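Chemist: So you can see what is in the structure, the chains are spelled out below.
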Amino acid sequence: MRVDFEIVKSWVPEGAHVLDLACGDGTLMSSLMKDCKVTGYGLENDEQSISECIQKGVSVIEKELVRDLDSFQDNAFDLVIMTQAIQVMKYPDVILDEMLRVGRQCIVTFPNFGNLGARAHLALRGKMPVTKNLPYQWFDTPNIHFCTVADFRALCKTKGYHFLNEATLAEQTINKLFKDIRPNLFAETAIYHLTKAG
Amino acid sequence: MTNQSSQRSDDKTSVGVVIPQSVDIKDPLKLACGQVFNQYHLVYETYGVLNTDKTNAILICHALSGHHHAAGFHTDNPQEKPGWWDSCIGPGKPIDTNKFFVVVPNNIGGCHGTTGPSSINPETNKAWGPDFPPLRFRDWVDSQAQLADHLGIQVWAAIIGGSLGGMQAMRWSLEYPDRVKHCLVIASAMNLTPQNIAFNEMARQAIISDPNFCGGRYLDEEKKPVKGLALARMIGHVTYLSQSQLEDRFGRDLREGSFERGNNNPVQFEIESYLNYKGDQFAETFDANTYLVITRMLDVFDLAREYNHDPVVAFSNATCKYFVASFSTDWRFAPDRSKEIVNALVAAKKEVTYVNIETDRGHDGFLSNTPRYIKDLTSYLTNVANEVNEELSGAS
Chain Y
23 MRVDFEIVKS WVPEGAHVLD LACGDGTLMS SLMKDCKVTG YGLENDEQSI
73 SECIQKGVSV IEKELVRDLD SFQDNAFDLV IMTQAIQVMK YPDVILDEML
123 RVGRQCIVTF PNFGNLGARA HLALRGKMPV TKNLPYQWFD TPNIHFCTVA
173 DFRALCKTKG YHFLNEATLA EQTINKLFKD IRPNLFAETA IYHLTKAG
Chain Z
2 MTNQSSQRSD DKTSVGVVIP QSVDIKDPLK LACGQVFNQY HLVYETYGVL
52 NTDKTNAILI CHALSGHHHA AGFHTDNPQE KPGWWDSCIG PGKPIDTNKF
102 FVVVPNNIGG CHGTTGPSSI NPETNKAWGP DFPPLRFRDW VDSQAQLADH
152 LGIQVWAAII GGSLGGMQAM RWSLEYPDRV KHCLVIASAM NLTPQNIAFN
202 EMARQAIISD PNFCGGRYLD EEKKPVKGLA LARMIGHVTY LSQSQLEDRF
252 GRDLREGSFE RGNNNPVQFE IESYLNYKGD QFAETFDANT YLVITRMLDV
302 FDLAREYNHD PVVAFSNATC KYFVASFSTD WRFAPDRSKE IVNALVAAKK
352 EVTYVNIETD RGHDGFLSNT PRYIKDLTSY LTNVANEVNE ELSGAS
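Chains as they are written, first to last, in the numbering used here: chain Y, 23 to 220; chain Z, 2 to 397.
If you're looking for bench data, these hints aren't it; they were derived computationally from the structure. These numbers come from a predicted model, not from an experiment. Beta carbons: idealized from backbone N, C-alpha and C, even for Gly. A few of these clues could be false.
Derived coverage of chain Z by chain Y (criterion: at least 3 residues anywhere in the stretch with Cβ under 8 Å from a Cβ of chain Y; other residues may be distant) [claimed, not checked]:
id	region
1	338-344
2	348-359
3	375-381
Think about it this way: if two alpha-carbon atoms lie no more than 35 Å apart in a straight line, the pair counts; the simulated DSBU-like pairs of lysine-lysine are [stated by the list, open to error]:
id	chain 1	residue 1	chain 2	residue 2
4	Y	Lys112	Y	Lys56
5	Y	Lys56	Y	Lys218
6	Z	Lys350	Y	Lys31
7	Z	Lys228	Y	Lys31
8	Z	Lys225	Y	Lys59
9	Y	Lys181	Z	Lys376
10	Y	Lys181	Y	Lys154
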């Protein structure tokens, strides 16, 4: 299982009612149902992924995530999760607000564009970064709103969100060594567990 | 199984030749309108084998023009078309008769053998005709529950219905929550839109205004309002098809006549010919009073009416899991109508899976073999079969 999933799982309260946005093939949701006894749904718009969710017995709802989650009521969920998808959203700030409207807490994971590798790619080659974590060319990438760890933290502070947990991930040795000291420069993936202020 | 022979089993995915069964239900059926059937006749078909614990049964609820013959054949005649949902019911098909015992009744009020307007009213010894009691969906559900009792089935592994069959499945899940494990609601809605009701009313007026309708007593008069019934079917049928499907299949092609100058042969478009054929074919086999009874049931149906018109409150009574499917080009029960069901289920914290299948088949998409539809339905029901088996092994 993806390493970010392991960390997300460790933060999910047992028996929580969960909404997993852009849930992919349902791996995380299926694992949460089994190991954390959660209830809830995955949201997905890709046919193939939806079929895989159904095979896994995940309650998946076909839905295009555009701007709002207007069909869901306030605080309908204990937790709303979105892994590696906020950078694909047209309105990431609005989606984040929506996640904390329909859920009491949210967990977001995203690729850190401030990582050394990405910076070096742009600085030395003068080209948009193509790394293992961000394998797309600029013209075919689904990622339209890149951010760094520092950017994300700044947005959360502006919005007054409270950090319940945060973690970083790295695979490359240098990143692993320094990610906790300088996350903005060395983290490859960032994971945030947020709640509304107060 | 005694009701299945293997004579026509060259196709391994067909249930083969089936013989319809029937039962006289002698427990009184109290109808929503207040009238009581002390006894009524129910025709049904079954496919597959009921397991010893009687936990692998699936109920199929048919739609407006449907009946008990959902799969397989009635004869060895190779010209005979299979049952109306043969694409989904059979060995290795989504509703897999190797795993499930599938029960398909013909609903009361129908015209394929079950007690309906063309049956004899025991009090008058004449056909019920227009005096047949107005039914509600709960009457269908109650009679299906009596059939389940007759078959010894306490809990359905799944209840599946498309279109108005989906409405029955939902009603089941609210009326008998402890008798349904999975509810599959396909191309359906929690009530009709004014547009739906308008089409139904046009269809009814077509029937009623046929001089052979005789106020509904056409059987006594030995007449049949075939013109009106055919027109009603044409009005209904066109709402099951999508614009793009009509374009692709018929376009503006001519069946007869010509646009050439100097030629005054009247033209007939392919679509006209097709609809007329469909209407005539339907009028041969269907009963006009049944059409009136069922379209009126549809108009009146409102899943949440007695739950303060709040579908969230309605679904909060349910204990089953739901599978909801819609079809992208369905404008009779559009995808948005299915989304209303899904939203209510989510708000009621019920387990639900929802797929919107891309197809040009319109409302009839639910009878199609669109690959994604077949695949997702198969996956979902495979899990249902696994649950049944786990319970079996868990109990032993």
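Chemist: Against each hint, give a clear statement of whether it holds in the structure.
Modeler: Verification of the supplied hints:
| no. | hint | verdict |
| --- | --- | --- |
| 1 | 338-344 | holds (count 3) |
| 2 | 348-359 | holds (count 9) |
| 3 | 375-381 | holds (count 4) |
| 4 | Y:Lys112 with Y:Lys56 | holds (32 Å) |
| 5 | Y:Lys56 with Y:Lys218 | holds (28 Å) |
| 6 | Z:Lys350 with Y:Lys31 | holds (21 Å) |
| 7 | Z:Lys228 with Y:Lys31 | violated (65 Å) |
| 8 | Z:Lys225 with Y:Lys59 | violated (61 Å) |
| 9 | Y:Lys181 with Z:Lys376 | violated (43 Å) |
| 10 | Y:Lys181 with Y:Lys154 | holds (31 Å) |
Taken one by one, the earlier hints fail for this structure at numbers 7, 8 and 9, listed in ascending order.
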